[in-house]
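Protein chains: 2
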Amino acid sequence: MKKSIGAKVFALPSPVWVVGTYGENNTPNIMTAAWAGICCSVPPCVAVSLVKARASYGNIMKRKAFTISIPSSKQATEADYAGLVSGTKVDKFTTANLTAVKSEFVDAPYVEEFPLILECRLKQTVEIGLHTQFIGEIVDIKADEAVLNEKGIPTLEKVLPFVYSTTDLAYYHIGEQLGQAHSIGMKFKI
Amino acid sequence: MKKSIGAKVFALPSPVWVVGTYGENNTPNIMTAAWAGICCSVPPCVAVSLVKARASYGNIMKRKAFTISIPSSKQATEADYAGLVSGTKVDKFTTANLTAVKSEFVDAPYVEEFPLILECRLKQTVEIGLHTQFIGEIVDIKADEAVLNEKGIPTLEKVLPFVYSTTDLAYYHIGEQLGQAHSIGMKFKI
Chain A
1 MKKSIGAKVF ALPSPVWVVG TYGENNTPNI MTAAWAGICC SVPPCVAVSL VKARASYGNI
61 MKRKAFTISI PSSKQATEAD YAGLVSGTKV DKFTTANLTA VKSEFVDAPY VEEFPLILEC
121 RLKQTVEIGL HTQFIGEIVD IKADEAVLNE KGIPTLEKVL PFVYSTTDLA YYHIGEQLGQ
181 AHSIGMKFKI
Chain B
1001 MKKSIGAKVF ALPSPVWVVG TYGENNTPNI MTAAWAGICC SVPPCVAVSL VKARASYGNI
1061 MKRKAFTISI PSSKQATEAD YAGLVSGTKV DKFTTANLTA VKSEFVDAPY VEEFPLILEC
1121 RLKQTVEIGL HTQFIGEIVD IKADEAVLNE KGIPTLEKVL PFVYSTTDLA YYHIGEQLGQ
1181 AHSIGMKFKI
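Chains as they are written, first to last, in the working numbering: chain A, 1 to 190; chain B, 1001 to 1190.
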């Protein structure tokens, strides 16, 4: 018997993704988003939801582009900071000692220090409620050489991303491998 | 200098959520989704992307409802299984020894054995590409008493959800707390 606890966003876990955009005068901005996820395989797309008050909201609308810079758990402080203050008031790259690099394929900057980058072209916007969802087509992935395995794939154990819990309002490390997907469930297959 | 590795869904990490629906004759079905995330705070909403070939796709279209049952890492085998086979061919609840419970508020079943449940009413569908995104308004959260803290909140350390890596095609445990969100980044605030 389960306990009913009302209509809340208690969906665990959430990713911690840093959205990079250009504002006026090509000022680079970042903000941290957790209302996000992959939303399509073909074309490869991610969805990120933002509120209108965010500087990033207007930036994406104007430039039709954004990046996702995925921080490692060693960069949680920088990522948390990017979600705490508004890009309309401060240059967060400078304050957090991060380097803005212009994307190769889209009109948005990414965070050089973070290991895994998604360059995204705005594909669709979806009005939901308080949040607007931006669906971005991933046009390129960029990764530090150090996080690639022998096949050239960025592995989770090297990228070391972390997650956000909407119930605890805290970040958590990702730990050891639990099992191979599309494989461990075969024991039930009849 | 980062290495370009092309347009891929290498966005880390993804949640592992089990989508519950009713098919014809009220047959309960589950399928595991990782192309998913929170997408709005007000109203509280989650987005889950499915391909048209899935039994769950037609079920959600007809019933305008679905649940998300969030498995703990102890239930990774059952969750993986629910993603491996089609609900058009087999009753996955029976095969994986899981119990279907009718939701209190929406026309969809959830998995009794999983610790955290979202009852969702279909709000919008978004055609993206190969995947269609289903945006569900969370009308109630249900949780096992055992995963609640003293304030009645389901904590990540008790729910013990796990993540999926689209680069490694593997599941990973979530480990220890890294820091408090909206707090650790204050050190950069000026």
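Honestly, the hints are just simulated from the structure, not real lab data.
One thing to keep in mind: the hints can contain errors.
[What the hints assert, rightly or not] The calculated label-pair distances, taken between Cβ atoms and stated as ranges, are:
| id | chain 1 | residue 1 | chain 2 | residue 2 | range |
| --- | --- | --- | --- | --- | --- |
| 1 | B | G1175 | A | E127 | 52 to 62 Å |
| 2 | A | E157 | B | Q1177 | 30 to 40 Å |
| 3 | A | T94 | B | E1024 | 20 to 30 Å |
| 4 | B | K1151 | A | K62 | 40 to 50 Å |
| 5 | A | A53 | B | K1064 | 23 to 33 Å |
| 6 | B | E1024 | A | E145 | 24 to 34 Å |
| 7 | A | K3 | B | Q1177 | 20 to 30 Å |
Given the structure is predicted, the values throughout are model-derived calculations rather than measurements.
Just so it is clear, CB atoms sit at the ideal spot from N, CA and C, and this is done for glycine as well.
Right, here's what the structure says about each hint:
1. B:G1175 - A:E127: 52 to 62 Å: violated, 37 Å
2. A:E157 - B:Q1177: 30 to 40 Å: Given range 30 to 40 Å: violated, Cβ gap about 19 Å.
3. A:T94 - B:E1024: 20 to 30 Å: violated, 59 Å
4. B:K1151 - A:K62: 40 to 50 Å: This hint holds: roughly 42 Å between Cβ atoms.
5. A:A53 - B:K1064: 23 to 33 Å: For A53 of chain A and K1064 of chain B the Cβ distance comes to about 31 Å; the hint holds.
6. B:E1024 - A:E145: 24 to 34 Å: violated, 52 Å
7. A:K3 - B:Q1177: 20 to 30 Å: holds, 24 Å
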